[in-house]
Amino acid sequence: MNREHLLKALAKGVRYDGRKLDEYRPVKVEKDVSHSAEGSAKVTIGATEVIVGVKMGCEKPYSDTPEEGNLMVNVELLPLSADRHEPGPPTQEGIELSRVTDRGIRESKALDVKKLCVTKGELVWNIMVDACTLNDDGGMFDAIGLGAMAALQNAKYPELEDGVVNYDKKSDVGVPLDRDPLPVTVYKAGPHLFVDPTIQEQLFADSRLTISVTRENTIVALQKGGPGTLTVADIDTMVGIALKKAPELRKAL
Amino acid sequence: MSYDKRFDGRQFQELRKMEAKVGVVPSAQGSAMFKIGNTVAIAAVRGPREVRPRFMQDPTQGLLRCHYNMMPFSGHGDRVRPGGGRRSKEISMIMEQALRPVINLQDFPNAMIEVFVELPQTDAGTRCAGITAAAMALAHAGYEMKDLVTSVALGKVGNQIVADVNYDEEAYEGEGGSTDIPIAIVPSTGEVTLLQLDGEVTQEDLKKVIELGTKAAADIFAVQQQALKDAFKETA
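Chains A and B supply the protein sequences, listed in that same order.
For any residue, its number in my numbering is found by taking its place in the first sequence, counting from 1, and adding 194.
For any residue, its number in my numbering is found by taking its place in the second sequence, counting from 1, and adding 368.
Next up, chain A with everything else stripped away, as it sits in the complex:
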């Protein structure tokens, strides 16, 4: 496969695996997959697979937000999941994935951080979301965004005993999650727009736009990536695709 060949196929409206340009591979979400985590989910999109876990800790709040808990999102592009991911500190790719996933949740105010306060200025809950890739066959932005939301929905507070967390006892109280924004990433190769690339399609694409969409069809985060350019008309079309596709992904939650 090369880029020219990919462009020719896309021009005919076909993908190598027979999908349409705006069609996802089969999407599956499985919740509660790690007994060690407070919440977890495994997302499979075609051959792409990622596991997301939520750990919760109780600590002193930051001095500028004494009544707010904290959300932290981290992505580990595990070397187990692809030859191109090597052991070592997080790469640019990994950090971008972490930050874009984080912003989608944070900016929609999906998580009510005020409700994470236990004692003002003393004790708040920190919610730490870690996504670990198991097999990287492209489309990680959307897989991780979906997995993060599913893991948060699955998370239950551990018991708090005299300000100390007892991880052996999980309560049946979920975290204060009010919304369920999901990212849809639209890729562009030549003039063609498509979603959910396989790794080969992803590596040949020129640019992409990740659009985090709420259930109310508003946009809460954007990230343009890749070396290529987008026209104003492209952006409008891409947003339209995202608004159409997000509810489909949400069904898998």
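Hints are computed from structural coordinates only; laboratory data are not their basis.
These figures come from a predicted structure and were not determined experimentally.
Dumping the calculated DSSO-like pairs for lysine-lysine here, alpha-carbon to alpha-carbon at most 30 Å:
| # | chain 1 | residue 1 | chain 2 | residue 2 |
| --- | --- | --- | --- | --- |
| 1 | B | 373 | A | 363 |
| 2 | A | 225 | B | 389 |
| 3 | A | 364 | B | 373 |
| 4 | B | 385 | A | 222 |
| 5 | B | 576 | B | 373 |
| 6 | A | 222 | B | 597 |
| 7 | B | 389 | A | 222 |
| 8 | A | 222 | B | 601 |
Take the given structure of chain A and dock chain B to it, following the hints.
Showing chain B alone in chain A's frame:
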């Protein structure tokens, strides 16, 4: 009070429920999942590829490199900070040494085979589950091996020698305390490729522990074999 009944009700020699599957990471040359109780290890084999740094290259044979990693949410209690530390470095090294004796890397001069072991959830015995999964992944990848390697965490809890300790037993604070003894065995020869101990035992105890380890290894080996057979049945 002596430890006369296991916390989870098992017999002293009884292993937790096991599950094994190969081919769980489709993009890798070989891969395997091994679950024992609530400990899950996923191993993927990648390579051969060039050894870096280059001064570590061996022109006479290939190099086996292992990477052990706990997922940040997989620990008992607090989040495990990613990036690894001294513990995971040491475990990676002893995993290499546990697996190296059964694999022939004569055909891969200057190159390395890498095994990545990840733990999505844990309840003790992670290095052992990792080695057991890694051996299956290497076999699944089709490298020339004279046998698998089978590993189990043994222990002395109170005055009892037990197979496959879990977290609760590791944390036992009653009389006699808890001694942790991970072991890896080459099933066909009974040779030991990993042996560690943290705690306190007599020479007699140690003999019994190793005997129990050999017995446990046979059970685990059967699970490994079955998973590999199942995978090749599917492709046949």
